[in-house]
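Trainee: If you read the sequence shown in UniProt numbering, its first letter stands for residue 1, the second for the next number, and so on.
Worth double-checking, as some hints may not be accurate.
List of simulated lysine-lysine pairs, BS3-like, C-alpha gap at most 27 Å [as the list claims (entries may be wrong)]:
#1 Lys-116 <-> Lys-69
#2 Lys-66 <-> Lys-84
#3 Lys-63 <-> Lys-116
#4 Lys-63 <-> Lys-120
#5 Lys-84 <-> Lys-63
#6 Lys-58 <-> Lys-116
#7 Lys-84 <-> Lys-120
#8 Lys-58 <-> Lys-84
#9 Lys-69 <-> Lys-58
#10 Lys-84 <-> Lys-69
#11 Lys-66 <-> Lys-120
#12 Lys-66 <-> Lys-116
#13 Lys-116 <-> Lys-84
#14 Lys-120 <-> Lys-69
No lab work stands behind these hints: they were computed from the structure.
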Amino acid sequence: MANEVVDVSQEEQKEYEDRFLEGGERLMVYDLLEMQGRRDQTTDPDVQQYLEAKRLYKQGYEKCFKIPKSLEEDELVPHAEEIKDAAETMVSAWLMDDRGASMSERVLILGQQYEKILLKDIPESEREGFFVRESLLFSAWI
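Just need the whole structure built from these sequences, with the hints factored in.
Mentor: Structure, rendered in structure tokens:
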């Protein structure tokens, strides 16, 4: 039985691997331009917008991995600004070009964390129907 406890402890210490939902992490023609170092050879504004959205998304995505995956309010409060920043950065990327913003399990968790942080100081009686622009957009994205 002691071995089982050690195994569980070791399992918990493994690095979290995010899983993208169906259709996520798809390779686009624009990505090939970037991979071949030919991004500067096009003047197509869609290419630039897509790659900027992807860069912004990656920035927010990396931020969300610095936040615990917990949904417990006492664990989220110290990370409130990081949660807001990561969520709003990713929503901005999605608005810029949804093809550059892939949905994953960790992004879904971030959405729940974002809602908890936004509603933290709102009285229970006022929570029904309380939304902010980014919250609605995050829900639309999901």
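Trainee: Compare the structure with each hint and give your call.
Mentor: Do the hints match the structure? See the list:
1. Between the alpha carbons of Lys-116 and Lys-69 the distance comes to roughly 13 Å, so the proposed pair stays at or under 27 Å and holds.
2. The hinted pair formed by Lys-66 and Lys-84 meets the criterion: a straight-line CA distance of about 13 Å does not exceed 27 Å.
3. At most 27 Å may separate the alpha-carbon atoms for a hinted pair to count; Lys-63 and Lys-116 meet this at roughly 18 Å.
4. Proximity of Lys-63 to Lys-120 is assessed by CA-CA distance (about 21 Å); at most 27 Å being required, the pair is judged to hold.
5. For the hint linking Lys-84 to Lys-63, the alpha-carbon distance of about 10 Å falls within 27 Å, and the restraint holds.
6. Among the hinted pairs, Lys-58 with Lys-116 is consistent with the structure: their alpha-carbon atoms are about 23 Å apart, no more than 27 Å.
7. Restraint check for Lys-84 and Lys-120: the C-alpha separation of about 13 Å stays at or below 27 Å, so the hint holds.
8. For a cut-off of 27 Å, the pair hint linking Lys-58 to Lys-84 stands: about 15 Å separates their Cα positions.
9. A distance of roughly 18 Å separates the Cα atoms of Lys-69 and Lys-58; the hinted pair therefore holds under the 27 Å criterion.
10. Straight-line distance between C-alpha atoms of Lys-84 and Lys-69 comes to about 14 Å, which keeps the hinted pair within the 27 Å bound.
11. Distance hint between Lys-66 and Lys-120 is fulfilled; the C-alpha atoms sit about 21 Å from each other, no more than 27 Å.
12. Between Lys-66 and Lys-116 the CA atoms are separated by roughly 17 Å; this keeps the pair inside 27 Å, and the hint holds.
13. For the suggested pair Lys-116 and Lys-84, the alpha carbons sit about 11 Å apart, so the restraint of at most 27 Å is met.
14. Restraint check for Lys-120 and Lys-69: satisfied, since their Cα atoms lie roughly 17 Å apart, inside the 27 Å limit.
Figure legend: structure checked against the earlier numbered hints; every hint is met.
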